[in-house]
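K.L.:
Spelled out, the chains give:
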Amino acid sequence: MKRTWLGIILILIGLAAGLVCGCQGAAQPSAVSTPPEFQVTFLDVGQADAILIQCQDQDWLIDAGTNDTSQALVKSLASLGVVRLEAVVGTHPHEDHIGGLDTVIDKMQIGQVYMPQVTSNTHTYEDVLKAIRSKGLTASVPAAGSTFKLGNADGTWLGPNSLHYDELNDYSLVMRVVYGNFSFLFMGDAGYIPEKEMLAAGYTLQSTVIKSGHHGSSSATSAEFLKAVCPKYAVISVGQDNDYGHPHAETLARLQAAGAEILRTDLKGTITFKVEGGELKLGTQK
Amino acid sequence: MKDLTVIIDRFEGEMAVCEKPDRTMLSLPRAGLPPDAREGDVVILGRPARIDRAATAARQRAAEDNLRRTLKRD
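So the sequence lines, in the order shown, correspond to chains B and H.
3 is the number of the first residue of the first sequence in our numbering; add one for each residue after it.
734 is the number of the first residue of the second sequence in our numbering; add one for each residue after it.
In isolation and in its complexed conformation, chain H is listed as follows (with noise of 0.2 Å):
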């Protein structure tokens, strides 16, 4: 079976608030991730788990690109 895939939403002390691709959220410890996770991080719940470096650059790329395409432009 195909480990899951989550994005790091939000840390809320020791645990971590990741968000499934169908967007709903599963609330992890902290401490079952690489201990150098970040908010946005695209993770890959294998054994052990892992960051998907490239798939988090690049959806950093597309949410700058997002927001810039959103905002007023004065």
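Extracted from the complex, chain B is given alone in its bound form (with noise of 0.2 Å):
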């Protein structure tokens, strides 16, 4: 009978630690997984572009980074409590763009799939599509000066704004997204033709922050076009010591003129910008 008793009073302290134990496990995730208000992070993905939006309940992915640092993404990912992607944008198809972005749909929950309307030759690209297919997914080519929504923050297209380009960066899908008092330019890789494009559409372009075009290019980010964004932050998403000189000085120098922080990857690994009670509050690990 006393062996009976202490069975019972072991099986219910037993019950209560489990009990406790999910408690904690149950408040763990949901504290991991509460949603920033805004926040915006370049994820440091060497010589190439990755970078999450996120607000409230709404995560959306611009490009991936490279083929070899997609499973190194998909983590990170994973580690800013990222299950579901509404929305994945390929700005275009360039190897250090959408390298990632085959994994990233093939191990998370996606929504929507946005690429400009051109092709590529590689295999990555090729990888990509099929993995859109595989999902079930289609993609969307979206149009020149039409918005969206992300959560509570307003998004507008502002490019490509021609049907055919020489040079596949100016393609890129260009993209403004406004969360209160702060607005955020992605440029993929765009350059001086698009940039003029969007000047001459009228698009209201000022925005606190800019990623600048290319990796900081000569190529991308002309003095005329920085006057009317005015950013008060430049972020170049760029690898440490890469093969291209990028980014240029020439570039550097245009954004020091325009009176704007740079702020890049390589030197400060990932930048964060995060929107709190209507402040903006910049963060870096590298």
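Everything labelled a hint here was simulated from the structure, so no lab data went into it.
From a predicted model like this one, the values you see are computed outputs, not experimental measurements.
For every residue, glycine included, the Cβ atom is placed at its ideal position computed from N, Cα and C.
Zero decoy hints are in this set.
Derived lysine-lysine pairs resembling DSBU-like cross-links, with alpha carbons at most 30 Å apart:
hint, chain 1, residue 1, chain 2, residue 2
1, B, 276, B, 288
2, B, 137, H, 805
3, H, 805, B, 151
4, B, 137, B, 151
5, H, 805, B, 109
6, B, 132, H, 735
7, B, 137, B, 109
8, H, 753, B, 137
9, H, 753, B, 132
10, B, 270, B, 109
11, B, 276, B, 109
12, B, 77, B, 137
13, B, 151, B, 132
14, B, 77, B, 288
15, B, 276, B, 229
16, H, 753, B, 77
17, B, 151, B, 234
18, B, 276, B, 77
19, B, 151, B, 276
20, B, 151, B, 283
21, B, 288, B, 234
22, B, 283, B, 234
23, B, 132, H, 805
24, H, 753, H, 735
25, B, 77, B, 151
26, H, 753, B, 109
Not everything, but these chain B residues come out facing chain H in the computed CB check (under 7 Å):
hint, residue
27, 97
28, 123
29, 245
Build the complex: two chains, separate frames, hints provided.
P.N.:
Right under this line is the structure:
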């Protein structure tokens, strides 16, 4: 009889402990997955682009790094609490922008896929299209000037504005996202020609933060364009000691002349802008 | 040994960033490629390097068909 009571007591203690652990286990994920009010994370993926925008319960990814960094990118997204991406944007089909996109599409829940109406002959591009179809998804080509919602933030597609360009970079999907008093301009690798087209179209370009086009190459970020954008911060997504001399000295000089604070992923690592209670907070992690 | 075949993903200044069949990337001086080489060309890295025009055209047709099948139909 004593042994039975002892057994019952031990079972009750076990259940109580399980209940406590269960509560802790349930509390942890909800703490991790508390969605930020608004956050833009420029992930350090070397000489490539990968940008996460989070607003309330919506997460968007602009570009997905290279083939080489695809697994690390998925891990980084998971560590930021991302389970589902409401949209993924492949700004243009160069490997340093879409290399990891097939892996991201394979491994995560995906809502929409946006890409420009242009192809690449690479296996990397073929892999992305296969991943989209394997998941039962389709890709959309957004029209310049059209708008979208990203949680409570407002977005506008600003480019491309032509059907044909000589440079694949110039087909880049360009987007501007506004949350409260802060605005973010994501240029992909768009160069001078699309910049001129955006100016001519009369779009609102003024932005708190610009993701400089084409990794700070001298082929993008003209003084005329910068005058219209008037950025407080310029983020350059670039790899340390890259083979191409990015960012180019001319571009850095133009950004400095425009009064922008330059933030480079090769020097700062991952760069995060968080909007909380009407304030913009900048964080970096290397 | 068989010459390596690559696809030019992009040009970055004087460098050509090429995709190898295993999806790893190779940066080569642009000067080492045929002068008329363009992004998307399939290039056989022999001596000298030469463009495989038939393979390039075939990949381009396949990519365009692939995109058509992937795009949302309104």
